[in-house]
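Protein chains in written order, with this note's numbering: chain A, 1 to 417; chain B, 1001 to 1417; chain C, 2001 to 2417; chain D, 3001 to 3417.
In case anyone wonders, no lab produced these hints; they're calculated from the structure.
Think of the CB as a built atom: it goes at the ideal place given N, C-alpha and C, for glycine as much as any other residue.
Where hints are given, some of them may not hold.
Listed next, with one range per pair, are the computed distances between beta-carbon atoms [unchecked claim]:
1. N1302(B) - L2299(C): 52 to 58 Å
2. L2299(C) - A1017(B): 39 to 45 Å
3. I1096(B) - E2296(C): 16 to 22 Å
4. T1060(B) - E3066(D): 41 to 47 Å
5. L193(A) - N1302(B): 18 to 24 Å
6. H3087(D) - G1414(B): 53 to 59 Å
7. L2299(C) - K1150(B): 23 to 29 Å
8. N1302(B) - E266(A): 35 to 41 Å
9. E3207(D) - L2299(C): 43 to 49 Å
10. T3060(D) - D1124(B): 42 to 48 Å
11. D1135(B) - T3060(D): 48 to 54 Å
12. G1152(B) - L2299(C): 39 to 45 Å
13. E3200(D) - E266(A): 45 to 51 Å
Number of protein chains: 4
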Amino acid sequence: MTPTPHAHGFSDDVELAGHIIDSLLLPKVLDEINALGGDYLSHDICIGHNRRDPSYVRLTVTAPTEECLERILVSIGQHGAVPVEHHDIRIEAADIAGAFPEGFYATTNEPTEIRFGGKWIPVDRQEMDCGITLDPASGRARCVAMADVKIGDRIVVGRLGTRVHPVGRGSGERRHSFGFMNSTVSSEKPKHLTVREIAEQMRRAAEGNGRILVVAGPAVVHTGSHELLSWLIRRGYVHVLFAGNALATHDIEQSFYGTSLGISMESGGSSDEGHEHHLRSINRIRRLGGIRQAVEQNLLTNGIMYECISHNVPFVLAGSIRDDGPLPDVITDSLVAQTEMRELVQGVTFCLMIATTLHSIAVGNLLPAWVKTVCVDINPATVTKLADRGTFQSIGLVTDVEPFLRILVQELGGTSP
Amino acid sequence: MTPTPHAHGFSDDVELAGHIIDSLLLPKVLDEINALGGDYLSHDICIGHNRRDPSYVRLTVTAPTEECLERILVSIGQHGAVPVEHHDIRIEAADIAGAFPEGFYATTNEPTEIRFGGKWIPVDRQEMDCGITLDPASGRARCVAMADVKIGDRIVVGRLGTRVHPVGRGSGERRHSFGFMNSTVSSEKPKHLTVREIAEQMRRAAEGNGRILVVAGPAVVHTGSHELLSWLIRRGYVHVLFAGNALATHDIEQSFYGTSLGISMESGGSSDEGHEHHLRSINRIRRLGGIRQAVEQNLLTNGIMYECISHNVPFVLAGSIRDDGPLPDVITDSLVAQTEMRELVQGVTFCLMIATTLHSIAVGNLLPAWVKTVCVDINPATVTKLADRGTFQSIGLVTDVEPFLRILVQELGGTSP
Amino acid sequence: MTPTPHAHGFSDDVELAGHIIDSLLLPKVLDEINALGGDYLSHDICIGHNRRDPSYVRLTVTAPTEECLERILVSIGQHGAVPVEHHDIRIEAADIAGAFPEGFYATTNEPTEIRFGGKWIPVDRQEMDCGITLDPASGRARCVAMADVKIGDRIVVGRLGTRVHPVGRGSGERRHSFGFMNSTVSSEKPKHLTVREIAEQMRRAAEGNGRILVVAGPAVVHTGSHELLSWLIRRGYVHVLFAGNALATHDIEQSFYGTSLGISMESGGSSDEGHEHHLRSINRIRRLGGIRQAVEQNLLTNGIMYECISHNVPFVLAGSIRDDGPLPDVITDSLVAQTEMRELVQGVTFCLMIATTLHSIAVGNLLPAWVKTVCVDINPATVTKLADRGTFQSIGLVTDVEPFLRILVQELGGTSP
Amino acid sequence: MTPTPHAHGFSDDVELAGHIIDSLLLPKVLDEINALGGDYLSHDICIGHNRRDPSYVRLTVTAPTEECLERILVSIGQHGAVPVEHHDIRIEAADIAGAFPEGFYATTNEPTEIRFGGKWIPVDRQEMDCGITLDPASGRARCVAMADVKIGDRIVVGRLGTRVHPVGRGSGERRHSFGFMNSTVSSEKPKHLTVREIAEQMRRAAEGNGRILVVAGPAVVHTGSHELLSWLIRRGYVHVLFAGNALATHDIEQSFYGTSLGISMESGGSSDEGHEHHLRSINRIRRLGGIRQAVEQNLLTNGIMYECISHNVPFVLAGSIRDDGPLPDVITDSLVAQTEMRELVQGVTFCLMIATTLHSIAVGNLLPAWVKTVCVDINPATVTKLADRGTFQSIGLVTDVEPFLRILVQELGGTSP
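Take these sequences, add in the hints, and give me the full structure.
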């Protein structure tokens, strides 16, 4: 590229197409150009007749220096504004294991393409906050996590030659997206309809048109909802489960002792020895070698983990520093757990996150933007944080876990226990 | 009383009986004596064999001055520690309308007696933060609000000659009260059992053994739960309803327009004109003269207010400064509203507060401590505040309104809409 | 208007100018047209060169029926899209006192004009959820609350002939408005700068370029911040104060007893008699006749209310149903209180709301959109609710009252007590 | 032990001494006896004259079966009720690595002794949810985590022969403990005094009378408080720091780029490239080999991590599944991180937890009950959870991080930046 020196500096032409008005891409691009010190002139504006029709605009971007112009071009490229003339990516070989070259291209969770040898190549295993590595032999590109970089990996550097196709935030599907943006976290909205919609999504996925990931925190057991989640697993509504030591431990505790964190599931009361139940449950499983062994020896005969083992639902129990024990099935190394989770999210089309901030954000980081994600928590802060950390596609549902799952099961045809 | 001048000052003997260990009364009394500068010697301690048996202790309280001793005696009297020798109350005539004499006895919400003419008289219409007025002719005593004092009313002054019988906080009824105290506000406990208990209480009351007061905020309508509350009214589970302009307005809005605050109850979406619906609803009712007129003219044909009118359930709509309109049925003067509410709480045995901080605290202030109160809110702060303001008898349930009511209705035999 | 019958129905031309891209007005207008069943064709689009330059678009709106077209035109008129050909308003005389004619124009809090006799007239006393009354003699228009309508008042009906000029939400002033929209309620952002900005705004207003309204809840006293607010009043940073019985009562309680709700301001501890202090404080003021009398008789010598009286800062203490007493200065009728507040908000340029949900929303309803409003609360829900109820111009600050005021006072040159 | 067969079954005598009334130990013991199916008779009750004097009670506990009696005795032993006749512990050799024998004694965080060879031996490294291992050679006992058990370790089994000395929850130090218990989580209390107290504790520890552990979440950086925490480290008020990848990353990001999670620390605004800053910061440190290398090469010249390196303050950065990168200094295996943390908490006398739920609970689990712990968070749920999980000794402070640290620094004599 040799940007044209312009009266006021350097300039280049870009075009932007799609739902650029209602998805706010155009305002963002214009804002970005000004924020980075540039200016623009608009030509050939065409606004779609309705929400489904794409709009189009062609802009001449000008900047005082060539560096400034490049910075603007790469920045607005992330919103889908592509130069009318295209450029190939730059590639650098990794010189250090577990780190990118300086200036590496940092990924988003949106569908991304890179231009190599004059052709646009889609990037596989899209995930935010990674780099892109290209295999020149096969001509295939994919996201790679920082820790997984090997010396010699061909890493994309800079943003020229990349383009993203932002997933419309509900454009075309959801009317009144503005109201929607405000209402996600509210607890004062009619929610029954949303539960019904979630049920519908899960039914479709269970019928073979998708793959459902459930991410769940221990409150599922504390609130007495384990039987509801067990039902969902039994009936094929859960294809992958991610959780931590706590969920599995208290699930096994309720099976062994009828308590969760020592609180009786029957009476809601606590007994003094109860606080030890979870520890004794972990110890027993450690003595047996693992959860599968406990199921196979008919010692663990119900609950969430039992159903996962019985119905071959793969799970990841990721460790944390607050774990007691932990259970032998827990992956204590966070990098190993991430790698395992990365494998299992492939093909996931719908993700239900229930009552867990840490795991929700961790999984949100791994999922591409086009996976429908519903985050259910009684604490509005969890839902807000998820969106703040970049998982924009999530629908937040501020509600209580137990009745949420109870009504979800009813909607799916189950009779509540 | 002539308290005995003691080696270290003045002293008097008190006795304390009942569930004084597990209800924490004894620790509080001992703490109080020390905190106010006194000392004690314990005699005749007898601990009940189990939770149902009363305990008993007799203490000699000593203090450096007579004033200090009196202060201690009146203070611990509020926890049920009564002097072995009794004294009559002091009475003063009100010299100003709408105010008590200085030094008036300020009531709690616990059962209270005053000693007059050597006899213990129970106080009627028990309510916290009032005074006590005695009618010497009839010999009857009752609580009186500050604003209701008339010149010449005989007002109890000081605390000598009064005694309260603290309602055991669940003692004898609920095992493990300590766990309970911590868990009220938690959202991480099994709650289905609590809903079942509430249903049981309401069923008993509906069968003629009680009177149910429901206090509800507009979120009942915003969350699409109005049909559930309507069902409860229709089936006789609500004997009195307290709410504000907002609940009634949005209830009528959903009946007239199918929206609440402009949000569709059907689709969850908002339309641009929707934000006017509540205003147009109020205006229409104002044009008709009131809610009853709208029902009688077949213009209001469903919803919470419709059911109240149709089933002769008395209600108070109390005004607030954030009201639009308001509806003609709203009592805009807060003192008039309080008086009206005071009348209607007489005989109430069970109070269900749903999603309203202001009204919950206001009603909590009016209720005697022996009325079972359940406060349901998704925000733990509301539940905490209620207890902080002195309504200790309330059971807080941190959960979501709509599923709570849905499951309550199911427990009472209704099929959810 | 005789809208042109079009190939696909009826049509009319509208134009939209200003910051229509970055303020999201254009997307909203286009969305609205489709949502209401219409279609559009865009002409003459001109995008401003930068954030400060206005953009412009002219649209032909089409609809299947004349009614549908009118509905669209009035709806998008609220976003500033005005027909190229103009129309006068329709007026109807009020037939009932305290109610509008059906079909009345319901106001927003944005600057509004009505077209009468071919001329655009600005509406005085702009306030949301009111009607507009026109005095044909003087040709002046102003907002009127429903309850204040008198028979014969000339009320604007329908929306044709009205136009609003939406206040840009920070456009031109604040870069990156999108981030801003998401971040208002977050507690995880650097806030010191915001406090500095608030201080700057208050300094300018105190220097004669504005009028500051403070709306405060009792937590100001409970948290021991009364001395900080007193300092602000003393130094001229508060021109009007709105609060309730609780703030004034606990402020007077801390002056009389050194406690707030019985909690010592010195030690943080509670004493058993303390819970009566607020009641005794109210009673004493009632015996004196009012707060001013207490100040004049040198009985109330410090605190928030003392400073208001001493520095002639007008205040409204609005009553609520949870009030004890109340103080004689409290306006117990909510309509009377609203009227009083309406008078005092005239001329206000900056509003600081501290730790009160009820009063914040009530005052937010009364303020026009161009008054800068900062809502400070430790509970994110309060801030969210304020925006949900239409007070979009408010900047929410999720932080703790006491340290917020402490640092604000420091920024204004005070030394913290 | 051969418990006496009693008229109603089996019986044994226990005694309970100390602050058994006001610390609620007696009510708990009595409650426990009944809850587990036993009965009691009280003798020799002696109530202390004041809060500082110990009380004493001797109880005969009866139960229908010998098993029931044993269960009661071990249970009430955890509250300090010890049999008048003593018994030695039972010991079993671990048969499996990483697991206890069934029936192992599960520890609390209270000071514990075991009776071995007729003598009471104190348990070292007290920590909740561990086992106790005894070295018969040296006669020393210490807590051991489940995962650290080696085959052949001598593990205490059952609870007979153990006794705990519950740390009075503030008894004798803090007046009005009951109010205190309720008020911890409230945001509506005067907090300035608490900050002053914390400063006083830290000053004493910094003067050589203690060891301060700070546990901090990334909000410390997001809110712009890193310079305040840096000051505390520089001045010797932090002896150990526990955090995660996020705190260190955003601290380094602010040093490298002036942003935290892409939000400018100066202006509060966000820039589009900013979201990559944390990733580029991690990558740079990975390229250098670690934080120390960055400091030594003068590339990292300020901030929290810089001060830790410069002032030889040991730290643990514990990994989690939501980490990007992570930094090379992060311990990704949670068991390794726990072991490292266990070493560093030895000798800690004061622990300040700031804005992190996960790390606060993890560290709370590791600390003995006698370490003073203050948990500061704007979210009341974090504080509540900490206490719910057994860290009773923590004082919760619901407030905003940045102003909290600002005022803490001021109290310690610093001038705020």
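Problem - CB-CB spacing for E266(A) and N1302(B) relative to the 35 to 41 Å hint - result: Holds - the Cβ-Cβ distance for N1302(B) and E266(A), about 39 Å, lies within 35 to 41 Å.
Exercise for the section: Go ahead and decide if the range 18 to 24 Å is satisfied by the Cβ distance of L193(A) to N1302(B). Expected result: holds (19 Å)
Practice task
With respect to the beta-carbon atoms only, verify the hint that H3087(D) and G1414(B) lie 53 to 59 Å apart.
Solution key: holds (58 Å)
Practice task
Can you let me know if the beta-carbon spacing of E3207(D) and L2299(C) is within 43 to 49 Å?
Solution key: Given about 46 Å between the Cβ atoms, the range holds.
Handout entry: Verdict for G1152(B), L2299(C) (Cβ pair) under range 39 to 45 Å
Key = The hinted range 39 to 45 Å is violated for G1152(B) and L2299(C), with Cβ atoms some 26 Å apart.
Exercise for the section: Go ahead and decide if the range 16 to 22 Å is satisfied by the Cβ distance of I1096(B) to E2296(C). Expected result: Check passed, 18 Å falls within 16 to 22 Å.
Problem - Hint check for A1017(B) and L2299(C) - Cβ pair distance inside 39 to 45 Å - result: holds (43 Å)
Practice task
Given the hint of 41 to 47 Å, check if T1060(B) and E3066(D) actually sit that far apart at their C-beta atoms.
Solution key: Holds: the Cβ-Cβ distance is about 43 Å, inside 41 to 47 Å.
Practice task
Could you say whether the range 48 to 54 Å given as a hint is met by the Cβ separation of D1135(B) and T3060(D)?
Solution key: holds (53 Å)
Exercise for the section: May I ask you to test the hint 23 to 29 Å on the CB atoms belonging to L2299(C) and K1150(B)? Expected result: This hint holds: roughly 25 Å between Cβ atoms.
Practice task
Given the range 52 to 58 Å, decide if the beta-carbon distance of N1302(B) to L2299(C) lies inside it.
Solution key: holds (56 Å)
Exercise for the section: State, for the Cβ atoms of T3060(D) and D1124(B), whether the hinted interval 42 to 48 Å holds or is violated. Expected result: holds (46 Å)
Hint 12 alone, counting from the list given before, is not met by this structure.
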